[in-house]
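All chains, full assembly: derive it from the sequences and hints.
Here are the chains, one letter per residue:
There are 2 protein chains.
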Amino acid sequence: MNPRFARLRLEQTIDQAITYLRQQLSHVETIYYAYVLDEEQRSLGVVSLKDLVKADTTKTVADVMTGKLFKVSDTTDQKEIAHLLSVHNIQAIPVVDRQGCMKGIVTADDVIDVMREQSTKDIQKVGGMEALDGPYLETGFLAMLRKRAGWLVILFLGEMLTATAMAHYEHQIEEAVVLALFIPLLISSGGNSGSQATTLIIRAMALGELRLRDWWRVISRELTAGIALGCLLGAIGFLRIVIWQAVKPTYGQYYLLVGWTIGLSLLGVVTFGTVAGSMLPFILRRCGLDPASASAPFVATLVDVTGLVKARFR
Amino acid sequence: MNPRFARLRLEQTIDQAITYLRQQLSHVETIYYAYVLDEEQRSLGVVSLKDLVKADTTKTVADVMTGKLFKVSDTTDQKEIAHLLSVHNIQAIPVVDRQGCMKGIVTADDVIDVMREQSTKDIQKVGGMEALDGPYLETGFLAMLRKRAGWLVILFLGEMLTATAMAHYEHQIEEAVVLALFIPLLISSGGNSGSQATTLIIRAMALGELRLRDWWRVISRELTAGIALGCLLGAIGFLRIVIWQAVKPTYGQYYLLVGWTIGLSLLGVVTFGTVAGSMLPFILRRCGLDPASASAPFVATLVDVTGLVKARFR
Chain R
1 MNPRFARLRL
11 EQTIDQAITY
21 LRQQLSHVET
31 IYYAYVLDEE
41 QRSLGVVSLK
51 DLVKADTTKT
61 VADVMTGKLF
71 KVSDTTDQKE
81 IAHLLSVHNI
91 QAIPVVDRQG
101 CMKGIVTADD
111 VIDVMREQST
121 KDIQKVGGME
131 ALDGPYLETG
141 FLAMLRKRAG
151 WLVILFLGEM
161 LTATAMAHYE
171 HQIEEAVVLA
181 LFIPLLISSG
191 GNSGSQATTL
201 IIRAMALGEL
211 RLRDWWRVIS
221 RELTAGIALG
231 CLLGAIGFLR
241 IVIWQAVKPT
251 YGQYYLLVGW
261 TIGLSLLGVV
271 TFGTVAGSML
281 PFILRRCGLD
291 PASASAPFVA
301 TLVDVTGLVK
311 ARFR
Chain S
1 MNPRFARLRL
11 EQTIDQAITY
21 LRQQLSHVET
31 IYYAYVLDEE
41 QRSLGVVSLK
51 DLVKADTTKT
61 VADVMTGKLF
71 KVSDTTDQKE
81 IAHLLSVHNI
91 QAIPVVDRQG
101 CMKGIVTADD
111 VIDVMREQST
121 KDIQKVGGME
131 ALDGPYLETG
141 FLAMLRKRAG
151 WLVILFLGEM
161 LTATAMAHYE
171 HQIEEAVVLA
181 LFIPLLISSG
191 GNSGSQATTL
201 IIRAMALGEL
211 RLRDWWRVIS
221 RELTAGIALG
231 CLLGAIGFLR
241 IVIWQAVKPT
251 YGQYYLLVGW
261 TIGLSLLGVV
271 TFGTVAGSML
281 PFILRRCGLD
291 PASASAPFVA
301 TLVDVTGLVK
311 ARFR
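Just so you know, the protein sequences line up as chains R and S, in that order. The letter at position 50 of the first sequence is residue 50 when you use our numbering, and the numbering goes up by one with no holes. The letter at position 71 of the second sequence is residue 71 when you use our numbering, and the numbering goes up by one with no holes.
Accuracy of the hints is not assured; some may be wrong.
Which copy is meant is left open, so a pair is good if it fits within one copy or across any two.
[Stated by the list, open to error] 25 Å max Cα-Cα, derived BS3-like pairs, lysine-lysine: (1) K121 to K79; (2) K50 to K103; (3) K68 to K54; (4) K103 to K71; (5) K79 to K68; (6) K103 to K68; (7) K103 to K79.
What the hints contain is simulated information worked out from the structure, not anything from laboratory work.
Here is the structure:
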């Protein structure tokens with residue numbers, strides 16, 4: 001926000017207004033938008049320099065100003081400001097306090113700066129780390145390491161539960177080692193489908209396309225998507241085993257059973273991953289946390305652990 | 001780009017210029033910046049409406065114009081334009097063709113629009129899918145499914161190689177099932193560290209902070225980071241096994257050997273994941289492909305497969 005903005009008064013004539021703006025030239029950020037204030041500094045409207053140049057010089061500021069004014073407060077999210085500026089095709093927007101007194105303006109070029117930084121942080125969070133505060137090569141090595149190590153350790157501790165969960169199936173794995181071969185395939189498929197869903201939802205939330213109350217629309221859509229994607233991967237997995245067996249027998253006499261087990265497990269884990277991944281940002285936001293914490297690796301870990309806990313090797 | 005921009009001529013007086021701008025008001029996007037063109041439509045400089053309002057009316061456009069002008073071509077990347085606008089604090093930038101003839105202007109509010117879309121696409125790619133073309137809820141169900149299924153199937157086919165790679169170790173797994181329990185932990189740790197490195201590098205490339213020739217600086221930095229992070233996770237993994245064994249014996253008499261195997265494997269897979277993840281965007285760009293294709297799930301899959309191929313269960 002920049003507090004140095006151009007001001008006008010309602011009763012000024014166009015000539016007076018232009019002269020008055022000239023005096024303000026050196027200490028305001030822009031004179032292209034001048035804000036009409038009353039005695040209490042409340043904004044009554046805006047006049048663009050274009051309007052003044054165009055207008056008949058005998059008119060007053062009140063005649064040419066636009067009373068309908070988009071305003072933001074100093075707590076408004078930068079993304080929302082960017083949205084207002086781009087949708088309404090305006091170059092600057094006034095910032096007002098609770099009493100309606102004007103505090104400053106935000107211009108489009110300021111917003112570009114902030115948006116670039118914000119997008120970088122969002123992308124780094126999706127990649128599973130704390131956002132860096134500056135450019136990659138200029139960030140100190142230890143500072144960068146700290147930002148990466150934090151999430152890496154959290155994910156590692158979470159993923160440790162997979163070993164615990166798998167320990168319960170140790171006997172089944174001993175009996176059918178062939179199924180153990182497919183564990184990485186199963187859990188990564190769940191993780192990937194979850195990453196996709198989470199990433200879509202986080203971004204849609206950040207852009208204001210989705211609100212908390214939309215969770216029901218999202219879950220029905222993602223459940224359908226999850227089942228469809230799960231059937232697709234399940235079918236490929238099944239065919240892969242059956243065809244592989246025909247070419248080069250690997251899976252023994254129960255290869256059809258192995259095929260069905262893997263195929264149905266894929267359907268289950270992809271559906272579960274998709275639904276869990278899409279709901280996680282809603283749950284985080286509902287708890288007052290940042291939905292963007294649900295990074296791709298975070299969702300993958302969650303789905304790995306819960307997927308394994310539910311898995312049954314028969 | 002908007003071809004409707006305000007024009008002035010070098011020899012016009014300030015009064016003439018303001019009158020001339022008034023005539024253009026209805027058919028240009030902005031009169032806040034007017035471009036001074038010669039007969040061949042080559043841009044000689046720029047005059048802001050602010051300069052005109054401030055200037056002595058006896059002067060000419062040539063006296064008040066700024067000859068040093070940032071220009072872009074119609075092939076310039078939107079991100080670069082955003083960078084120019086925000087760094088130099090300007091609201092509009094002229095677009096010129098190869099002959100230097102002015103074709104139009106790009107204004108800051110146009111750039112905000114494009115940047116929002118671009119960031120959304122970048123984030124969706126990091127999440128492991130093709131970018132949607134519109135808002136989440138407005139994208140048709142089948143169109144969305146196609147964009148997600150494509151990458152999901154590619155990742156699935158890639159991940160299938162894990163089953164093939166693991167088949168080679170089937171006998172070792174039968175002999176030491178306890179090691180198989182740690183496979184998800186190992187491969188996800190490699191995948192997570194790779195996701196972090198890839199995400200950092202892709203974004204730094206998109207912002208123009210890194211170029212192809214910087215790969216050497218990156219690899220030395222990431223190798224050190226990978227070893228440091230690998231030691232950290234390896235130590236946690238080792239301690240977890242030793243402490244768990246003390247509390248509740250699970251890993252048999254060779255628990256120290258299991259601890260060392262897992263600890264060292266973690267060091268290896270995290271170092272490998274970090275280096276591979278950071279180099280992949282360079283390799284993709286070197287091959288003329290979009291570095292952003294190296295999504296977090298893509299890198300995770302690559303690291304899973306290559307990590308397993310190299311793994312040795314002794």
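The hints, checked one at a time:
1. Taking the closest pair of Cα atoms, K121 and K79 come within 25 Å of each other both inside a single copy (13 Å) and across two copies (16 Å).
2. In this assembly of identical chains, the alpha carbons of K50 and K103 lie at most 25 Å apart whether taken from the same copy (23 Å) or from different copies (23 Å).
3. For a Cα distance limit of 25 Å, the shortest separation of K68 from K54 inside one copy, 20 Å, qualifies, whereas the shortest one across copies, 29 Å, does not.
4. Taking CA atoms no more than 25 Å apart as the test, K103 paired with K71 passes inside one copy only; the shortest distance there is 11 Å, against 34 Å between copies.
5. Taking the closest pair of Cα atoms, K79 and K68 come within 25 Å of each other only inside a single copy of the chain (22 Å); across copies the shortest separation is 33 Å, beyond that limit.
6. Proximity of K103 to K68 under the C-alpha cut-off of 25 Å is restricted to the intra-copy arrangement: shortest distance 18 Å within a copy versus 34 Å between copies.
7. In this assembly of identical chains, the alpha carbons of K103 and K79 lie at most 25 Å apart only when taken from the same copy (19 Å versus 31 Å across copies).
Checked against the numbered hints above, the structure violates none of them.
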